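Visitor: Each chain, letter by letter, is given below.
2 protein chains.
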Amino acid sequence: MNTLNLEKLLNPSSIALIGASDKSGKVGTTIMKYLLKSTARVYPVNPKIDYIMHIPVYKDVSDISGDVDLAIVALSAANSVSAVSACSDKGIPFVIVVAGGFGETGAEGGALEGKLREIVSRGKTRILGPNSLGVFVPENDLDTVFVEHGDKALAQGGSVAFISQSGSVGVESLGLASNTGFGMRAFVGTGNKTDLTELDFIRHFGRDDKTDCLAIYVESVEGERDFLLECSEVSAKKPVLVLKAGRTPAGASAAGSHTGRLAGSDRVVNGAFKQYGIQRAFDDEELCDAALSLSMLKPASGNRVAVVTPAGGFGVMCTDYIDSQDSRAKLIMAELSGETKSRIAGNTLNFASTNNPVDLTASADNGMFTNSLDALIDDDGVDIIICVTFFAPPTIDDGLIKEIGRRVRNSSKPILVFTEYGPFTDEYLLSFYNEGVAGFPSISRVVRAARFLVERGEIIKRKGGMKKDTPVEHRELAGMVETWKSSLKVPGKPDEWETSGLFRIAGLPAQKSVLVEHEDYFLSLVENASLPGPYAVKICGSEILHKTELGGVALNVGEGELSETVGMMLRKFPGNSVIISNMITYSGTEFILGALNDFTFGPSVMAGAGGILTELYKDVAFRLAPCEHEVARGMLEELRIAPILEGYRGSSLDKEALVEILVRFSRLAAIIAGQGGQLDINPIVWSDDGWIILDAKAVL
Amino acid sequence: MNTLNLEKLLNPSSIALIGASDKSGKVGTTIMKYLLKSTARVYPVNPKIDYIMHIPVYKDVSDISGDVDLAIVALSAANSVSAVSACSDKGIPFVIVVAGGFGETGAEGGALEGKLREIVSRGKTRILGPNSLGVFVPENDLDTVFVEHGDKALAQGGSVAFISQSGSVGVESLGLASNTGFGMRAFVGTGNKTDLTELDFIRHFGRDDKTDCLAIYVESVEGERDFLLECSEVSAKKPVLVLKAGRTPAGASAAGSHTGRLAGSDRVVNGAFKQYGIQRAFDDEELCDAALSLSMLKPASGNRVAVVTPAGGFGVMCTDYIDSQDSRAKLIMAELSGETKSRIAGNTLNFASTNNPVDLTASADNGMFTNSLDALIDDDGVDIIICVTFFAPPTIDDGLIKEIGRRVRNSSKPILVFTEYGPFTDEYLLSFYNEGVAGFPSISRVVRAARFLVERGEIIKRKGGMKKDTPVEHRELAGMVETWKSSLKVPGKPDEWETSGLFRIAGLPAQKSVLVEHEDYFLSLVENASLPGPYAVKICGSEILHKTELGGVALNVGEGELSETVGMMLRKFPGNSVIISNMITYSGTEFILGALNDFTFGPSVMAGAGGILTELYKDVAFRLAPCEHEVARGMLEELRIAPILEGYRGSSLDKEALVEILVRFSRLAAIIAGQGGQLDINPIVWSDDGWIILDAKAVL
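Taken in sequence, the protein lines are chains U and Z.
Just so you know, we're using our numbering here: the first sequence kicks off at 1 and counts up by one.
Just so you know, we're using our numbering here: the second sequence kicks off at 1 and counts up by one.
A few of these clues could be false.
Repeated chains share a single entry, so a pair holds when one copy, or any two copies, can fit it.
[Stated by the list, open to error] The calculated DMTMM-like cross-link candidates involving lysine to aspartate or glutamate, where the alpha carbons are at most 25 Å apart (straight line), are: (1) LYS48 <-> ASP22; (2) LYS23 <-> ASP397; (3) LYS23 <-> ASP365; (4) LYS26 <-> ASP365.
No wet-lab data here; the hints were simulated from the structure.
These numbers come from a predicted model, not from an experiment.
Okay, chain U solo, but in the shape it has when bound (with noise of 0.2 Å):
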């Protein structure tokens, strides 16, 4: 797909001000203020005023003679319909559509909203908005944000692109952003997304040589597996986060009141962004202090960190955090090697500690601090390092924060900072922002960060085997599908027969099994497939449920039993068949394979702990499908269960083969859950030498 070029919007020559003012408290005036910093021509538009600041007015935008590159509309939504036109029939090829009251507050607006995507459709002009915080790009001295945000850190500009479809959230981001810094490349407020949406921003910043990270706030996504792919795409070269409000169900329903659209559910947009190297964050100070982390770090090559404080407590606490459990991604403390403990004793007092966490205790000073953290820099045995740093004991001084800026630059390991000092705190994180160190100010939040990076660092391993993960067609398959769903006996309802007969077209491992229709000539059936004893005899048809609790399922039923057993089942369910199998004897783990047509994604597939306990544990995983080997692989890597894949305690499940089951489900899955139907395997069990179905349940 073509790349938009956004060069008009992003860095305008030319910039038309729609609701110009020089009243105070106007949006119109606060814009029109922050215009005057900008490079570009600016021709304030309002046909009540004929000068602002002895710059004059025009009544209409069509007044203006020369090109216009950007037009801003900062009229209420009524207004802005004609202005937007206006600027179409100019040839304005970028407008910012700042007003609310649009689609999101109902009909009306919504109406409104389509006028505006009316105009968008003549092809001349691009929207962006309404309801738009706004673009802000330090470089280009542009910014367009009406809203106070700080420019602490933020007027230096960095390498962050920020987009935003919650003024709110965008204005908060580039608060905190501003307060301790991270630099940003640019901030886009995409608002109500009516022509321009995420999709775009991150096409472009994508291929910005000046930008290092993404961050991306969305509450509903557009394009769903463009979004993905294109993300999955850019984040083979740089680091992509994304806020995603609605991450559970209860979220997803408060996420579909605002915005007018249910959000998909969370385990999907967990498993897809995985699937695709997107890394979660859950609030705008997560989001942040994740891009203030792999906007200015390496990411890590391990997940082994090693610790130098000051001050012992936090120290500890660190370590608690490090062991502690998490999704992202698993942290380990480093073993340091002796070559690094003689270097930090040579070095410190003699009471320090030079086990990892490194205590140096509150009688360090700056070199004591600095040799310790060259010796970790030197270690092989770690790949990231956490400062804890203090200014208030005499011994230590500002100076440290060059000191460790210095290494952090220099290292090809990540290096991060905590700090706290009294009120100061915020201070001292500029100070090291400013020498290119990104600092935080909890434990809990520099060890976040942390997984960031080594989160970051397993993507980018991954990548080497990651394709583009375009949906395979699997047209045979899909044939044979369709002649399957055709031969149903009850259109749209299979019963437990022919969904096992569906399995055994995906090459998925149905239980041996007969059919049994008629009493009189079964045995001969059952001979004939050479089905050992002892049996498992189930009524078969898609109108029974609750078959166990009606007596349509017989255990263990002897060779001898099994003519009186069939013949009873079928007199007590007449019109129905019976299926034979044999009894599976499996001890250990059961697994649960499902699929699924998320709201949002699409097909998607999850594997995970089967059993009773599935809904107690939740120890599933899901991607998009189909997935292939490698992505199936992680899927069950994931699981808490994984172990018992691996061996753990004895056990010799055949891992690889169930990869295997699962990249052929998941091609079943692409097919079924991608015309709305469902699958469930649950469960699927080893037993001595293969995976078998042991219980499934196909919905079309």
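Model the placement of chain Z on the given structure of chain U, informed by the hints.
Guide: Quick look at chain Z alone, frame taken from chain U:
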């Protein structure tokens, strides 16, 4: 136990500062400056100076003619000892020793610290420290904390008593409190705790009417069970928060290297804290956030949360965090009543959402916000309210702060505030604080604070039934265990048969079985025991490891095969016996019970999901032993597998019977683990009509 009278330490009429100075950068100078703000009479002591700011300086503490309530020794470690000795000679009741360089630095420092203890033993002087950050009591204008800690919110005083073992954690907590507020009733730095410990201060502030909340940072706990019992008693009246560094095994080893002693296993700490009504924090930010909310707000009477927001995105994030799984306390989004919804609808814009989260949209004004808040306060279905506040929208102004403050003071429900405002966030948080409102700058933090309030509400409810859990003396049981121990074939090494005998003594459901020592007459034993087949036959001997691998276990042995199997086994393992029990059929879930002697807290008991998955899911709960029914029930209810005991998916396991077993097991645990032993029952299962222990191991 008597509470030590700390009046002269915390509210002294006269203070001697030994090591007083006027040289900039000296600790003795900083403390002198602070002391001069106090109303106490101050005696500077320093043989080398005559005057400090026109105040005459004493050569020696013995030169002071009047009584001295408190001495602060701001000298080096080496010089501190003789100074403290002089204080003791003069009869000064309390001395704060500021210097580090004692026990925490090794043997030499340890010897110095021993001398301090020797002075204490003379009975005239109590010591706070050494390595103490000092004390700070705003109401008494007493501040001996010699490090910059800000005073924006601190100087006003408040109701949190903060007790910190570590200087740096203490300082940074003071900083956090100062920046955005929480009021300190007092701060105490306990340092090395060579004499006074946290226990003395917990007792004091637990009984102090002006203290609403205790926040405690400890690395090692002194007095173990006394600490828990005291906290439990205090927590019946006011919240007790503890940050205990060393929460995971690796963390504990780090704590060991820092404090010279190993911390207890983290899961035991968690369980013990729950059992004794202590709320746990994991870093200083969390501790301060919890102290802020618990000291300013009523506990929540339930867990139903309502959110009101002018920014939909933050409402959704809030919902997400509320729905997230968290071990502290489960929160749910409140269902608003019809009346509430109409009240909100009647006072807001027509496109606002009246569902929870109540999204007022960015066009909301102060009135809409407060009217909606009032409706939520009046809704009986709401237990706790989170206000998302923003001051960027032109329709909302600072007046909202006072309006919310008034409602916080008048409402019986806790109301929390989230606010972000770019560079002004801290300022706004402080404004909220000054109106009596607990505010937080991130969604995750405000929701976490809500969990602390819900957890506190649950502790208060539980208190009714919670006895002061002094170890019940089960003398009779202890006597029987002694007899049992002395009867063991191999002293200290019970075999399986002997272990099941121990369980029978304790009233636990050991499996029905017979012990066969000779082949000759065993069938009559089986007959006499009315033991029906099929059987499990196991070799029994405390020295045989890996029974199964050696062929020492036969399962599903039919009645006809019993003779042969038993004979074969006795011949294969000469000198050992055989246990015959009937095969237990059970479907469903295995539980594990365990007992160990925790390094910190002593005899502890564990319950959880058993079987092969125990270590993968780590779905276990700990408490100290013995525990009574309510505590045991709480342990089981804490498990993720708990619904299995409540009829989940048709299960019919008897929960109360398992509670009874756990209580009995805990009494046995108190005895066995109290003597350093360990017990492991894995699994115990539900079989038809009772719980039964299938396998167990005892180590004495």
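Visitor: Does each hint hold? Answer for all of them.
Guide: Okay, the hints, checked on the actual structure:
1. Proximity of LYS48 and ASP22 under a CA criterion of 25 Å is satisfied intra-copy only: 11 Å inside one chain copy versus 68 Å between copies.
2. With identical chains, the CA atoms of LYS23 and ASP397 are at most 25 Å apart between copies only, with a shortest distance of 19 Å across copies and 48 Å within one.
3. When the C-alpha separation of LYS23 and ASP365 is checked against a cutoff of 25 Å, the pair qualifies only between copies, where the shortest distance is 21 Å, while the shortest distance within a copy is 55 Å.
4. In this assembly of identical chains, LYS26 and ASP365 lie within 25 Å of each other by CA distance solely across copies; the values are 16 Å between and 53 Å within a copy.
Every hint from the earlier list agrees with this structure, and none is contradicted.
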